[in-house]
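Engineer: Based on the sequences and whatever the hints tell you, model everything.
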Amino acid sequence: MNFKEQRDLFRTKKVSAKEAVQESIKKINGDNLNIFINSFQSEALKQAEFIDNNFDKFKDAPLSGVPIAHKDIFCTKGLPTTCGSKMLENFVPPYDSTVIHNCNEAGSVMVGKTNMDEFAMGSSNETSYFGPVSNPWNSDLVPGGSSGGAAACVAADITSISTGTDTGGSIRQPAALCGVTGLKPTYGLVSRWGMIAFCSSMDQAGPFSRDAFGCAALLDAMASYDSKDSTSTERPDKNFENLLDKDFGSLKIGVIKDIDNFGINPDVMESYEVSKTVLSGLGHELKEVDFSELSTGICSYYVIAPAECSSNLSRFDGVKYGYRASDQKDISKLYMETRSEAFGDEVKKRILIGTHVLSAGFYDAYYLQAQKVRRMIKNKFESIFKDVDLIFMPTTLDQAFEKNRESNDPNRMYKEDLLTIPANLAGLPAISFPNGFKNNLPIGGQFIGNYFSEDLLLATTNRIQEVSDWHKMTP
Amino acid sequence: MDKIELKNLLFLARISADEKEHTKIIKKLKNTFDLIDEMQDLDLSDLEPLNNPLELNNVSREDVNNDRNSKGEFLNNSPESDEDYFLVPKIIE
Chain A
1 MNFKEQRDLF
11 RTKKVSAKEA
21 VQESIKKING
31 DNLNIFINSF
41 QSEALKQAEF
51 IDNNFDKFKD
61 APLSGVPIAH
71 KDIFCTKGLP
81 TTCGSKMLEN
91 FVPPYDSTVI
101 HNCNEAGSVM
111 VGKTNMDEFA
121 MGSSNETSYF
131 GPVSNPWNSD
141 LVPGGSSGGA
151 AACVAADITS
161 ISTGTDTGGS
171 IRQPAALCGV
181 TGLKPTYGLV
191 SRWGMIAFCS
201 SMDQAGPFSR
211 DAFGCAALLD
221 AMASYDSKDS
231 TSTERPDKNF
241 ENLLDKDFGS
251 LKIGVIKDID
261 NFGINPDVME
271 SYEVSKTVLS
281 GLGHELKEVD
291 FSELSTGICS
301 YYVIAPAECS
311 SNLSRFDGVK
321 YGYRASDQKD
331 ISKLYMETRS
341 EAFGDEVKKR
351 ILIGTHVLSA
361 GFYDAYYLQA
371 QKVRRMIKNK
381 FESIFKDVDL
391 IFMPTTLDQA
401 FEKNRESNDP
411 NRMYKEDLLT
421 IPANLAGLPA
431 ISFPNGFKNN
441 LPIGGQFIGN
451 YFSEDLLLAT
461 TNRIQEVSDW
471 HKMTP
Chain B
1001 MDKIELKNLL
1011 FLARISADEK
1021 EHTKIIKKLK
1031 NTFDLIDEMQ
1041 DLDLSDLEPL
1051 NNPLELNNVS
1061 REDVNNDRNS
1071 KGEFLNNSPE
1081 SDEDYFLVPK
1091 IIE
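Taken in sequence, the protein lines are chains A and B. Per my numbering, the very first residue in the first sequence carries number 1; after that it's consecutive. Per my numbering, the very first residue in the second sequence carries number 1001; after that it's consecutive.
One should not assume that every hint holds.
[Unchecked claim] Only pairs whose alpha carbons sit at most 27 Å apart, straight line, appear in this in silico DSS-like list of lysine-lysine:
id, chain 1, residue 1, chain 2, residue 2
1, B, Lys1024, A, Lys415
2, B, Lys1028, A, Lys86
3, A, Lys348, B, Lys1007
4, B, Lys1027, A, Lys329
5, A, Lys333, B, Lys1027
6, A, Lys238, A, Lys378
7, A, Lys27, A, Lys403
8, A, Lys348, B, Lys1071
Since the hints were made in silico from the structure, they are not lab data.
Structural biologist: Structure representation (structure tokens):
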């Protein structure tokens, strides 16, 4: 069931919040794809009863009476928050993150926390301490990552909406691989307070749903100015759900020149070409734009993200919260053994890379150069957006791939983020939506827009979804 | 990167690794740096580094206690604490 149908059933009193939650819980208990790290069934039923008992208060809220799953990166007061790591396996935060608070206020009911790559570092959900998530379309394949559980949750119809975070593509890539819609908002639109940090200058939370409608409603709930996050921005005075039907007229849509040089799978290219004809058919003008610098974004990302991660994850020392190695007799060994025992291999690798690029002697060659590449990418986007309203391209190079591919070729996995990373470096909003099927597997396309153009991204995607059925396909 | 450099790096990052693993770790790091090094040929000397995508302003608030933090709750999250303190192994012999 899609989000709108589910919310309408609650608003018209045909299905209570409690009944909707019971249905989700039934599906969670039957899940064999390892989508959830924890589910909170008694708490969810209690909250659903509260919403049912206060129907008039919640009736018009953006997410009224709808079950939701949150990525296990958002702190939940009194309920475990693991971030996919042994380090936080038993961590129970003393507060709610702003995203959780906002979603609760908007009338949704949290049924559980979804599986993810450890500390959001990964593109396949295989680095999770709690085991990999399987793709609902084919359980031999990965769902993408790092928000793989969140995307799989919506694809498997356990909930109609879920939250995720996107640092280098961690919402859009799993959305593409699982056949759902996912939006990475403009950096600063959604508060990062209480969201466990990986790369603070790129981390951004956003919504998953089957379609643009669900993403718009969830974004309405998630986005808010938050004085507790110093990078939070004043929210534009927009209601994304109401703006879904706004007529933005004929748009100029940029398509990347020579994009097939980036190693995109022919099936993905074919869907991309079909989507371009759909866009033309809707009256939009396609304009070729040069973005030959696009592929250098990945070099910049794999310096800046590990650098910030090595700094952010230095807080995990076995002293204040989280895992502690037992029987350590001196403080230095306590730090070292705690971190070695509780971080997985990918996290350790990124901490080492980050520590190296920030160390004296390498800072200029790596960190400073990466920040200049970041400036170059941002400048390039600014010049492109002088000529076009949106950029359209595939979300990923490939469809969902087999598990364990990373062990054979780790750089292949990193390159999986080639088309998603540039929007993170520049802090731009981008949306991925299903735009084709091959081999009984979904394919995703993405729009990248200018700062705070979420309304345009959502409305344009919504228009495509009015004339196509890719988003309605279910595993 | 050689084994001495790796040992220093592991210490800086406060991560321990069995010496038998060192060759494997060096290989993995080298593999990633091969990817990163593709940016080294770019001449970007005329560009300013960018550390955050948005123009940021300082955020300040009144210098008053907001009662947001709860000492007891934080201490309860510690692996080991005693009254008002986090407990750690002896630091000075």
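Engineer: Indicate, hint by hint, whether the structure satisfies it.
Structural biologist: Hints and how they fare:
1. Under the criterion of a C-alpha separation no larger than 27 Å, the hint pairing Lys1024(B) with Lys415(A) is consistent with the structure, at around 21 Å.
2. For a cut-off of 27 Å, the pair hint linking Lys1028(B) to Lys86(A) stands: about 22 Å separates their Cα positions.
3. Restraint check: the Cα-Cα separation between Lys348(A) and Lys1007(B) comes to about 14 Å, which is no more than 27 Å; the hinted pair holds.
4. Proximity of Lys1027(B) to Lys329(A) is assessed by CA-CA distance (about 32 Å); at most 27 Å being required, the pair is judged violated.
5. Restraint check for Lys333(A) and Lys1027(B): satisfied, since their Cα atoms lie roughly 25 Å apart, inside the 27 Å limit.
6. For the proposed pair Lys238(A) and Lys378(A), the alpha carbon gap of about 25 Å is at most 27 Å, so the pair holds.
7. Distance check on the hinted pair: Lys27(A) and Lys403(A) sit about 24 Å apart at the alpha-carbon level, within 27 Å; holds.
8. Between the alpha carbons of Lys348(A) and Lys1071(B) the distance comes to roughly 31 Å, so the proposed pair goes past 27 Å and is violated.
Of the hints listed earlier, those the structure fails to meet are numbers 4, 8, in rising order.
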